[in-house]
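Taking the working numbering, I'd label the letters of the sequence shown as residues 1093 to 1409.
Just so you know, the hints here were simulated from the structure itself, not pulled from any lab data.
Backbone N, C-alpha and C fix where the C-beta goes; we use that ideal spot for every residue, glycine too.
None of the hints are false.
Here are the in silico distance ranges between beta carbons for each label pair:
hint : residue 1 : residue 2 : range
1    : Leu1122   : Leu1145   : 36 to 46 Å
2    : Met1150   : Leu1122   : 42 to 52 Å
3    : Ala1275   : Asp1232   : 21 to 31 Å
4    : Ile1174   : Gly1394   : 55 to 65 Å
5    : Gly1246   : Met1150   : 57 to 67 Å
6    : Glu1387   : Ala1275   : 14 to 24 Å
7    : Asp1386   : Arg1314   : 42 to 52 Å
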Amino acid sequence: MSLRTQWQRLQQWAERRLPALTRHRRQEELPIELHRRRIYIVPTGFGVAFTLLLLVMMVGSLNYSNNAALLLTCLLGAATSISMLVAFRTLNGLRIRGVRGGHAMAGQPIDVTFDFEAKRLRQAVRLDIASITQAFDVNDRTDVTISMHTEYRGWLALPRLRIWTTWPMGLFRAWSWVNPHYAVLVWPRPEITGPSPTLPLEDHHKQRLHRGEDLASLRDYRSGDSMRHVAWKASARHENLLVKDYEQPEARQEWQLDWRHLRGLDNEARIARLARWLGEALAQGRQWSLWLPDEAIGIGSGPSHYARCMSALALLP
1093 MSLRTQWQRL QQWAERRLPA LTRHRRQEEL PIELHRRRIY IVPTGFGVAF TLLLLVMMVG
1153 SLNYSNNAAL LLTCLLGAAT SISMLVAFRT LNGLRIRGVR GGHAMAGQPI DVTFDFEAKR
1213 LRQAVRLDIA SITQAFDVND RTDVTISMHT EYRGWLALPR LRIWTTWPMG LFRAWSWVNP
1273 HYAVLVWPRP EITGPSPTLP LEDHHKQRLH RGEDLASLRD YRSGDSMRHV AWKASARHEN
1333 LLVKDYEQPE ARQEWQLDWR HLRGLDNEAR IARLARWLGE ALAQGRQWSL WLPDEAIGIG
1393 SGPSHYARCM SALALLP
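Turn these sequences into a full structure, and let the hints guide you.
Here is the structure:
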């Protein structure tokens, strides 16, 4: 039997020790607390070698009736037993209160933050997720952030986690498997280059007024206008008072990003182009609306509106 097969059978045996709901769903609801039924301890390679050394010391001290050597051997054996208890107590009662996911595009690492809680100090705890190991200490509440690799857009479920420690002497390894019911949303990868969004013809003619510094025109006086803006010289040649108008036309800044306008592209190409347009609109400080097959997101701007639109793209089938 190969080592990989034995490891898988060990994991299956560990899952059978968890509550029935967890075995059925294969995932655990947060919060998750580690207790004695789910913590496992084995000697490390150093621990096995140290134990063999203690056996040799004991045989030698008994053979030569050396009480000092026998006392030293017993003290080291007691320290070894205590280190096993300390390793167990480092994980026992440790709690994962929650998990928070960041934002990232496909192909970029995404940050996942675990909220650990413990009633007393826990030192030299390690968290394994995929091929990443993060060491940390827990004092009351501690956030541990790990960057996970992403490949595709959409929901990315957390893999099985392993929490372990060899504290304090490295003689024993205590660990526990955790499989939280949580997934992070990965945004689509924008295309590298491509055309800019095509605005409807009517948008080029729609203009609004803004207050400028340069004189735009003269208009008739209206009640409420400041007397400082009255053009006295021009008014002398007319029957009515004329006022200097500083309002100037400004082109509209809204972009209408519409899924239906991207004909001739497959779904993933459309999503990548819309993602690039969203990034350009955010960088240029524009306002935009997004039209998708089953959802229409109104006009908005800023990072929060960008996150909402990118999340909607990520959830498209």
